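Peer 1: For the record, the sequence lines run as chains R and U.
One gets the working numbering by counting positions in the first sequence from 1 and adding 2 to each.
One gets the working numbering by counting positions in the second sequence from 1 and adding 35 to each.
Any given hint might turn out to be false.
[As the list claims (entries may be wrong)] In the DMTMM-like style, the derived pairs of lysine to aspartate or glutamate whose C-alpha atoms are separated by at most 25 Å in a straight line are:
{"id": "1", "chain 1": "R", "residue 1": "K36", "chain 2": "U", "residue 2": "D223"}
{"id": "2", "chain 1": "R", "residue 1": "K36", "chain 2": "U", "residue 2": "E230"}
{"id": "3", "chain 1": "U", "residue 1": "K244", "chain 2": "R", "residue 2": "D39"}
{"id": "4", "chain 1": "R", "residue 1": "K9", "chain 2": "U", "residue 2": "D210"}
{"id": "5", "chain 1": "R", "residue 1": "K46", "chain 2": "U", "residue 2": "E274"}
{"id": "6", "chain 1": "U", "residue 1": "K121", "chain 2": "U", "residue 2": "E161"}
{"id": "7", "chain 1": "R", "residue 1": "K184", "chain 2": "R", "residue 2": "D118"}
{"id": "8", "chain 1": "R", "residue 1": "K128", "chain 2": "R", "residue 2": "D118"}
{"id": "9", "chain 1": "U", "residue 1": "K208", "chain 2": "R", "residue 2": "D39"}
{"id": "10", "chain 1": "U", "residue 1": "K277", "chain 2": "U", "residue 2": "D96"}
{"id": "11", "chain 1": "U", "residue 1": "K45", "chain 2": "U", "residue 2": "D96"}
{"id": "12", "chain 1": "U", "residue 1": "K55", "chain 2": "U", "residue 2": "D210"}
{"id": "13", "chain 1": "U", "residue 1": "K93", "chain 2": "R", "residue 2": "D39"}
{"id": "14", "chain 1": "R", "residue 1": "K60", "chain 2": "U", "residue 2": "D210"}
{"id": "15", "chain 1": "R", "residue 1": "K153", "chain 2": "U", "residue 2": "E161"}
{"id": "16", "chain 1": "R", "residue 1": "K27", "chain 2": "U", "residue 2": "D252"}
[Stated by the list, open to error] Reference excerpt, derived from the structure (chain R facing chain U, CB under 7 Å, subset only):
{"id": "17", "residue": "Y19"}
{"id": "18", "residue": "G140"}
{"id": "19", "residue": "N156"}
{"id": "20", "residue": "I158"}
Keep in mind the hints are simulated off the structure, nothing from the lab.
Please read these numbers as outputs of a predicted model, since none were measured by experiment.
Note that CB positions come from ideal geometry on N, CA and C, so glycine has one too.
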Amino acid sequence: MKLKNFKVKKYTLLKLYLLKYQAHKINFQSSTSKTIDYIELCLKQALNLIYLYHSSNKRILFIGFPYIKNKLILKDSQHFFLQKSLWTNGLLGNNDVSSTQGILSMNSSSANKTFDLVVLFNASIKDLPVLKELSSIGYPLVVLGSQISLKSINTIYTVPAFLLKKNMKQLCSFLIYSILRKSKKQNKLTKLLFKKRKK
Amino acid sequence: MITKKKYRHKPVYKKFVSLKKNVQNRSKLLKFKKRKWQFMLSQLTRISKTRKNNCYYKFYDQSVYQVPRYNNFFSKNYKQNLTVKKSFNLFYGSLSNSVLKKNVATALSRSNQVQNRINSKLFFKELFERRLDVVLTRSHFTLSIMNARQLISHGHVFINNVRVANASTLLKKGDIVTFSKKSKKLLDYYLLNSELWPLPPQYLQISYKVFQILVVDDVKFSNNSSAFSMWLNLNNVIESYKR
Numbered sequence: 003m004k005l006k007n008f009k010v011k012k013y014t015l016l017k018l019y020l021l022k023y024q025a026h027k028i029n030f031q032s033s034t035s036k037t038i039d040y041i042e043l044c045l046k047q048a049l050n051l052i053y054l055y056h057s058s059n060k061r062i063l064f065i066g067f068p069y070i071k072n073k074l075i076l077k078d079s080q081h082f083f084l085q086k087s088l089w090t091n092g093l094l095g096n097n098d099v100s101s102t103q104g105i106l107s108m109n110s111s112s113a114n115k116t117f118d119l120v121v122l123f124n125a126s127i128k129d130l131p132v133l134k135e136l137s138s139i140g141y142p143l144v145v146l147g148s149q150i151s152l153k154s155i156n157t158i159y160t161v162p163a164f165l166l167k168k169n170m171k172q173l174c175s176f177l178i179y180s181i182l183r184k185s186k187k188q189n190k191l192t193k194l195l196f197k198k199r200k201k
Numbered sequence: 036m037i038t039k040k041k042y043r044h045k046p047v048y049k050k051f052v053s054l055k056k057n058v059q060n061r062s063k064l065l066k067f068k069k070r071k072w073q074f075m076l077s078q079l080t081r082i083s084k085t086r087k088n089n090c091y092y093k094f095y096d097q098s099v100y101q102v103p104r105y106n107n108f109f110s111k112n113y114k115q116n117l118t119v120k121k122s123f124n125l126f127y128g129s130l131s132n133s134v135l136k137k138n139v140a141t142a143l144s145r146s147n148q149v150q151n152r153i154n155s156k157l158f159f160k161e162l163f164e165r166r167l168d169v170v171l172t173r174s175h176f177t178l179s180i181m182n183a184r185q186l187i188s189h190g191h192v193f194i195n196n197v198r199v200a201n202a203s204t205l206l207k208k209g210d211i212v213t214f215s216k217k218s219k220k221l222l223d224y225y226l227l228n229s230e231l232w233p234l235p236p237q238y239l240q241i242s243y244k245v246f247q248i249l250v251v252d253d254v255k256f257s258n259n260s261s262a263f264s265m266w267l268n269l270n271n272v273i274e275s276y277k278r
């Protein structure tokens, strides 16, 4: 039998940036250890999930990410970037289309379409109504950077890190844009994993 | 005269009929066309209609205290407890009574040992979620728990490069689960036929390229509410297996 050799790439730059901007310093106490290795691992898990959804033509809602000036990046994708200030209660939870059309149809033509994944950047106490609404509806939620304990909220992946600093914000947004810029060449696995999904 | 007790085999899907739930979340059940399944299928569709239209998925957080929608009548108490017990047993691949009793006893003793008294539900859930066969199904390497048990008993699964034949082995933080070369084709088939939902929990790091699972975090406090397809009512289960 022929064996394949897989190259394991070790990126140390991300860990360095996390150390530099002190991402591991969070206020709240919890049982899980928040070492930089753990934060890096969580970040990679979350980014991998975003990549899987993006490559299989799914729609992602990004909340709280910095505004992109260069719209060329999102030319082909159906993703939507929402600012936190524009959030109103019942935006996704209510069936009423007229309320959502105003905000969600600014860029995209298909406003009525539901999202497959929601990514929230830097959850704080102010974002609790957003989180509660999303978890009650049952959207798969990924939280990048949280300053509060999210025990009562049903999330899939949470990155327990302090990402409020300006440079850290930029780094995270660059990481995501680099994923979204990638071509949607589907793997054999991603093609078939999403084939049978049911609502 | 000695007579042998005849054991009548009951298929797994038949067990769901009395529970009125698709306990193991099997999609095959929805395709059955014979008349005997019609009653159950109509009930399942009725339940799905009562959900909100914009509801995407349902999360069942087992650590939360649930208040029942309707009053619990004393006359229905026995039936309710029985269905809860049965559905929990089926959800984890029909375990024996002795295993369940043992796990309840350990969970209760551990919760008493801790100074701040953590809820025994968390310990109880952890004892099942750390099992090897459960981890294999959560990571989508197998389609069901019974499937995983067969793979383990045939000697295809390794923990830290040591072959394991027992499906009930508990994984710890830092353990690596690998598979034999012979099982690669089978795993490919399982992976391609599985649905992505529920997404693998955060405490597992999985590479589908190398077929490897790494346990990264403790299971006890992690929120894996998407993995459950129904409300398990762990308090009732613990009380019923307490004796």
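Peer 1: Now tell me, hint by hint, if it's right for this structure.
Peer 2: So, going through the hints one by one against the coordinates:
1. R/K36 <-> U/D223: violated, 35 Å
2. R/K36 <-> U/E230: Judged against 25 Å, a Cα distance of about 32 Å means the pair is violated.
3. U/K244 <-> R/D39: holds, 22 Å
4. R/K9 <-> U/D210: holds, 22 Å
5. R/K46 <-> U/E274: Since the Cα atoms of R/K46 and U/E274 sit roughly 41 Å apart, the hinted pair is violated (cutoff 25 Å).
6. U/K121 <-> U/E161: holds, 19 Å
7. R/K184 <-> R/D118: holds, 19 Å
8. R/K128 <-> R/D118: The hint holds at about 24 Å.
9. U/K208 <-> R/D39: Since the Cα atoms of U/K208 and R/D39 sit roughly 14 Å apart, the hinted pair holds (cutoff 25 Å).
10. U/K277 <-> U/D96: Given pair U/K277, U/D96 holds - Cα atoms ~23 Å apart, limit 25 Å.
11. U/K45 <-> U/D96: violated, 31 Å
12. U/K55 <-> U/D210: Violated, at roughly 38 Å.
13. U/K93 <-> R/D39: violated, 32 Å
14. R/K60 <-> U/D210: Not OK: R/K60 and U/D210 at ~33 Å, beyond 25 Å, violated.
15. R/K153 <-> U/E161: Between R/K153 and U/E161 the Cα gap is close to 16 Å, so the pair holds against 25 Å.
16. R/K27 <-> U/D252: Holds, at about 19 Å.
17. Y19: At 21 Å from the nearest chain U Cβ, R/Y19 fails the 7 Å test, so the hint is violated.
18. G140: holds, 4 Å
19. N156: holds, 4 Å
20. I158: holds, 5 Å
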